[in-house]
Amino acid sequence: MSTWDNNPVLKVEHLTMRFGGLTAVGDLSFNVGRGDITALIGPNGAGKTTVFNCITGFYKPTEGRLVMNRSNGEKHLLERKPDFKITAEAKVARTFQNIRLFGGMTILENLMVAQHNPLMVASNWTIGGLLGLGGYKKSNVDAIETAKYWLERIDLIDRADAPAADLSYGDQRRLEIARAMCTGPELLCLDEPAAGLNPKESLELNTLLQYIRKEHDTSVLLIEHDMSVVMEISDHVVVLDYGVKISDGTPEFVKNDPHVIAAYLGVEDDEVDQVEEEVGIV
Amino acid sequence: MQARQRDSLLVASLKDSLGGAVITFALACVMVGLKVDVASGRGAELFLEHRWLAVATAVIVVFAGRFLLNMFFWKREDAPSIGISGFLPKGGLGTGSANMLKYGMLVLAVVLPFALMFWLGSRGSRQYIDLAILVLTYVMLGWGLNIVVGLAGLLDLGYVAFYAVGAYSYALLAHYFGFSFWICLPLAGILAAFWGIILGFPVLRLRGDYLAIVTLAFGEIIRVVLLNWYEFTGGPDGLSGIPRPSFFGLEFTRGEGGFADFFGLKYNSIHRIIFLYYLIFIMAMVTNFVTMRLRRMPIGRAWEALREDEIACRALGINTTNTKLTAFALGAMFGGFAGSFFATRQGFISPESFTFLESAIILAIVVLGGLGSQMGVVIAAVVMIGGFEFFREFEEYRMLVFGLIMVVIMVWKPRGLVSSRTPSVALSKNAKGISADLVQEGHG
Numbered sequence: 001m002s003t004w005d006n007n008p009v010l011k012v013e014h015l016t017m018r019f020g021g022l023t024a025v026g027d028l029s030f031n032v033g034r035g036d037i038t039a040l041i042g043p044n045g046a047g048k049t050t051v052f053n054c055i056t057g058f059y060k061p062t063e064g065r066l067v068m069n070r071s072n073g074e075k076h077l078l079e080r081k082p083d084f085k086i087t088a089e090a091k092v093a094r095t096f097q098n099i100r101l102f103g104g105m106t107i108l109e110n111l112m113v114a115q116h117n118p119l120m121v122a123s124n125w126t127i128g129g130l131l132g133l134g135g136y137k138k139s140n141v142d143a144i145e146t147a148k149y150w151l152e153r154i155d156l157i158d159r160a161d162a163p164a165a166d167l168s169y170g171d172q173r174r175l176e177i178a179r180a181m182c183t184g185p186e187l188l189c190l191d192e193p194a195a196g197l198n199p200k201e202s203l204e205l206n207t208l209l210q211y212i213r214k215e216h217d218t219s220v221l222l223i224e225h226d227m228s229v230v231m232e233i234s235d236h237v238v239v240l241d242y243g244v245k246i247s248d249g250t251p252e253f254v255k256n257d258p259h260v261i262a263a264y265l266g267v268e269d270d271e272v273d274q275v276e277e278e279v280g281i282v
Numbered sequence: 001m002q003a004r005q006r007d008s009l010l011v012a013s014l015k016d017s018l019g020g021a022v023i024t025f026a027l028a029c030v031m032v033g034l035k036v037d038v039a040s041g042r043g044a045e046l047f048l049e050h051r052w053l054a055v056a057t058a059v060i061v062v063f064a065g066r067f068l069l070n071m072f073f074w075k076r077e078d079a080p081s082i083g084i085s086g087f088l089p090k091g092g093l094g095t096g097s098a099n100m101l102k103y104g105m106l107v108l109a110v111v112l113p114f115a116l117m118f119w120l121g122s123r124g125s126r127q128y129i130d131l132a133i134l135v136l137t138y139v140m141l142g143w144g145l146n147i148v149v150g151l152a153g154l155l156d157l158g159y160v161a162f163y164a165v166g167a168y169s170y171a172l173l174a175h176y177f178g179f180s181f182w183i184c185l186p187l188a189g190i191l192a193a194f195w196g197i198i199l200g201f202p203v204l205r206l207r208g209d210y211l212a213i214v215t216l217a218f219g220e221i222i223r224v225v226l227l228n229w230y231e232f233t234g235g236p237d238g239l240s241g242i243p244r245p246s247f248f249g250l251e252f253t254r255g256e257g258g259f260a261d262f263f264g265l266k267y268n269s270i271h272r273i274i275f276l277y278y279l280i281f282i283m284a285m286v287t288n289f290v291t292m293r294l295r296r297m298p299i300g301r302a303w304e305a306l307r308e309d310e311i312a313c314r315a316l317g318i319n320t321t322n323t324k325l326t327a328f329a330l331g332a333m334f335g336g337f338a339g340s341f342f343a344t345r346q347g348f349i350s351p352e353s354f355t356f357l358e359s360a361i362i363l364a365i366v367v368l369g370g371l372g373s374q375m376g377v378v379i380a381a382v383v384m385i386g387g388f389e390f391f392r393e394f395e396e397y398r399m400l401v402f403g404l405i406m407v408v409i410m411v412w413k414p415r416g417l418v419s420s421r422t423p424s425v426a427l428s429k430n431a432k433g434i435s436a437d438l439v440q441e442g443h444g
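Just so you know, the sequences run in chain order A and B.
Letter by letter, the first sequence follows residues 1 to 282 in my numbering.
Letter by letter, the second sequence follows residues 1 to 444 in my numbering.
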């Protein structure tokens with residue numbers, strides 16, 4: 001019984017996703033521990049992003065159940081919710097493999113859009129805000145403060161009024177994470193957050209993720225190819241290959257699992273025979 | 001060295017001017033050289049008239065003009081590639097001058113009828129105030145459509161449908177129930193918004209070109225229904241005798257109890273025209289005020305975010321269907337207001353006023369002005385509607401000039417006259433506008 005099975009924030013149960021005759025994900029079950037950083041790794045085409053799209057509602061799973069346990073005791077079945085409600089009600093936020101910022105809007109505006117739902121309530125669904133009634137003004141100021149807090153975390157406070165499209169690639173990645181955090185998530189799903197980052201930026205990302213995990217009530221689920229990120233910051237690693245889970249455990253355990261080595265990590269040429277024998281491929 | 005460069009410039013200029021002349025000749029041969037006319041006095045026989053002198057003049061003017069420009073103004077070896085952008089002003093307006101322009105135009109709009117009365121007298125100014133009313137109607141329509149196309153990025157080619165719904169709502173309510181303008185105005189807006197939602201529900205799942213086609217079809221459906229439902233709408237005969245608006249219950253009529261009598265003025269029909277002018281001015285300013293305010297609210301930001309990236313919006317928990325519907329409904333509502341104003345101003349409406357061309361003109365105003373820019377819409381409406389009416393004397397050449405102006409504007413400023421986006425919220429006082437190159441145009 002590992003720690004992530006005790007009180008998981010997300011339980012993925014028998015998740016299957018078929019596209020016509022192709023089974024992208026087959027009978028996948030794993031848990032995402034509360035307060036953990038969980039990594040989902042695997043070779044290209046293993047179905048990692050499909051799992052993400054199922055969790056965040058962009059795909060409807062063919063079979064299986066996705067149970068989100070919020071810290072206030074609410075249970076949400078994600079496979080039954082439309083995508084925007086998964087963020088709004090179940091508090092699952094995500095980023096994208098190919099960054100999706102609002103390029104023509106300023107960095108501050110990007111973070112304000114992320115706080116849309118609470119602001120809509122505060123403005124009485126626009127009517128109160130339009131007439132200048134209620135607590136909209138205060139909520140607006142609070143939302144700007146939240147945005148400023150995150151801008152300080154990602155070192156972009158000086159560029160708050162610059163268009164998001166003007167940022168460098170690494171800054172855009174961090175802004176997307178900050179924007180997802182502005183929705184107040186309990187589970188943050190990051191699709192290859194370190195892709196295209198240089199070693200320094202990669203290090204900053206690690207710090208940011210560890211900060212998020214420590215200071216906020218947010219668990220992190222990430223897809224990553226960069227093993228230095230995975231091994232360093234994650235508490236729990238799930239390995240997929242051809243849509244099937246081939247390993248699940250601590251980074252230390254996974255790193256030495258012969259199945260993972262054979263499918264994904266690879267070994268020196270002279271060790272190939274030995275690994276093949278262990279896994280059972282001859 | 002100097003001489004050689006001079007020489008090559010001369011040769012290049014000659015070549016370029018010759019090219020221009022050949023193109024002019026090819027175009028002018030058909031467009032200017034041949035003229036089909038109906039012979040008068042010999043029955044309705046068609047005959048062909050040749051105007052080779054005009055063709056020759058055109059070719060010579062183009063050749064000489066291009067040659068001189070090449071030699072003395074452009075002075076570059078790659079002269080032919082400079083094109084139009086070379087001698088048109090560059091860049092946008094600064095914030096300071098943009099503000100000056102904004103308030104200048106506002107003051108001008110407020111004093112315009114009285115200034116015209118002062119200079120031209122009530123008889124002479126009437127047609128100009130009428131023109132100003134028309135321009136303001138299009139400004140309001142442009143601002144309404146700007147919510148849908150400019151902010152939310154939904155291409156709507158059937159906007160005139162909501163204009164028609166507004167106009168017919170007022171005309172029919174007045175016709176069947178005898179409601180006054182002031183009761184019908186909000187009702188017309190609500191009905192148009194309602195139709196906006198009715199249309200929105202099935203079509204907003206479509207994107208881009210598909211959405212445009214469906215909205216176009218919707219605009220036509222409304223017009224065809226109005227045309228064919230003879231018992232209810234009067235069909236092609238239209239509806240006449242639509243009641244005029246009153247000024248807090250005072251009618252603009254001659255004699256006792258009228259507006260002029262109440263204020264002790266001498267009756268003059270211009271009073272009603274001026275009243276209509278201020279009515280549409282206030283309606284347009286309300287549209288502007290609401291839009292500008294909404295832009296700074298979560299719903300407005302969600303519209304713009306939707307234009308930038310719909311998938312990211314959904315990942316942030318924004319209900320994109322509702323957000324699109326509100327944009328559609330609000331745009332439709334302002335279209336409906338403008339429509340009921342149109343009905344009360346004309347006193348007569350028929351489906352002919354609500355053809356696709358209207359939609360196209362309104363969309364052209366929004367696009368030429370710069371998507372999402374309020375000021376741009378005003379400038380474009382003044383240029384397009386005002387200019388179009390102003391050059392009425394040029395008759396058939398008017399369309400030609402009109403088309404030319406549109407081409408020139410689009411080449412010079414592909415993203416419209418005012419193409420920078422103002423951030424809806426900023427930390428620093430002097431936040432800059434965002435260049436249009438970064439702003440998405442939306443895709444449905």
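Hints were generated in silico from the structure; no laboratory data involved.
Treat each hint with caution, since some may be false.
[As the list claims (entries may be wrong)] Among the chain A residues that face chain B by a calculated CB cut under 10 angstroms, a handful are:
no., residue
1, 73
2, 77
3, 80
4, 88
5, 114
6, 165
7, 168
8, 180
9, 211
10, 214
11, 217
What you are looking at is a predicted structure, and each value in this text was computed from that prediction instead of being measured.
Using N, Cα and C, we set each Cβ at its ideal position, and we do this for glycine too.
Evaluation of the provided hints:
Using the Cβ-Cβ criterion of 10 angstroms, the hint placing residue 73/A at the interface with chain B is not satisfied: the shortest such distance is roughly 21 angstroms. At its closest, the beta carbon of residue 77/A sits 17 angstroms from a beta carbon of chain B; the interface hint therefore is violated under the 10 angstroms criterion. The beta carbon of residue 80/A is not positioned within 10 angstroms of any beta carbon in chain B (closest approach about 16 angstroms), and the interface hint is therefore violated. At about 4 angstroms, the closest approach between the beta carbon of residue 88/A and any beta carbon in chain B falls short of 10 angstroms, and the interface hint on this residue holds.
Nearest Cβ of chain B to the Cβ of residue 114/A: about 5 angstroms, under the 10 angstroms cut. The hint holds. Hint status for residue 165/A: holds, given a least beta-carbon distance of 4 angstroms to chain B, under 10 angstroms. The interface hint given for residue 168/A is violated, since its Cβ lies 15 angstroms from the closest Cβ of chain B, which is over the 10 angstroms cut-off. Because the closest C-beta pair between residue 180/A and chain B is about 8 angstroms apart, less than 10 angstroms, the hint holds.
A least Cβ separation of about 21 angstroms between residue 211/A and chain B goes past the 10 angstroms threshold, and the interface hint is therefore violated. Contact between residue 214/A and chain B, as hinted, is not supported at the beta carbon level, the nearest pair being about 24 angstroms apart and thus beyond 10 angstroms. Nearest Cβ of chain B to the Cβ of residue 217/A: about 17 angstroms, over the 10 angstroms cut. The hint is violated.
Checked against the numbered hints above, the structure violates hints 1, 2, 3, 7, 9, 10 and 11; every other hint is satisfied.
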